[in-house]
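Trainee: Sequence:
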Amino acid sequence: YLTDLKIPKPMCIADLKRAAEPLPAEQDGLQNLSGAIGSRPVWLAASTHAGEEEGAVELHLNLRRRYPDLLTIIVPRHASRGDAIAAMAAGTGLSVARRSTGQLPRPDTDLFLGDTMGEMGLFYRLSRICFMGGSLVPHGGQNPLEPARLCRAILYGPYIDNFAMIYPALAECGGAQQVADWNILEQTLDKLLQGDSACAMGEAAQTYADSAGEGVLDIVCAALQPVLARDR
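Heads up: the sequence shown is residues 480 to 711, going by this note's numbering.
Possibly wrong hints are sitting among the right ones.
Said to hold, decoys possible - Cβ-Cβ distance ranges computed for the label pairs, FRET-style:
no., residue 1, residue 2, range
1, Glu-682, Arg-519, 17 to 25 Å
2, Gln-510, Asp-660, 32 to 40 Å
3, Glu-651, Gly-619, 27 to 35 Å
No lab work stands behind these hints: they were computed from the structure.
All of these numbers come straight from a predicted model, not from anything done at the bench.
C-beta: ideal position from N, C-alpha, C; glycine also.
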């Protein structure tokens, strides 16, 4: 296609992910889930990969001693793994509710499993605190700008090759924090579940995400203009 457009040399001019709009959420679903969760302490493990769900479940079991009504939300990167994740969590004695079957978290639900496609905007809105999956196992991390645009405090592990520039920039501005392992993640979550520090982190993340997208579309349009002009 680039040859057909007579572009002499491919160029990387901008990252369009930076210019994306906040992910949408179906409002009835958001209202129902938010109402079911209420004022419970909650954290989200988003876009998780194999090995991370087990870590999140163990972390929940540890934190539950200090937060008896804690709700953990796990959204696997691949929704097809929902059955296996639900069985694994139930095998540890946790009470599991699943989005794919239309269940809402009850007061005694430990784990809410977001095993559906296309609803990350909904799940991000359910928790102020978001751990980004694919970063405590070697998968390179997932896009942190999605929760950042929604004012979420972001936690991530050491494997962030896919977004190697964005994660450190978010951390530098106070919108994200790197954790070396599950023990450090547990300690960090313990602190964020108390007080207002998660809100401050989320605001910093949102400010960064807004600034990161400024001018991106203008740069892309300017680069395309000479090509488009040749076809007139």
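Trainee: Determine for every hint whether it applies to the structure shown.
Mentor: Results of checking the hints against the structure:
As the Cβ distance of Glu-682 to Arg-519 is approximately 22 Å, the hint placing it in 17 to 25 Å holds. The beta-carbon spacing between Gln-510 and Asp-660, approximately 37 Å, falls within the hinted interval of 32 to 40 Å. Hint check: Glu-651 to Gly-619, Cβ distance near 20 Å, so the stated range 27 to 35 Å is violated.
The structure is inconsistent with hint 3 alone, although it conforms to all the rest.
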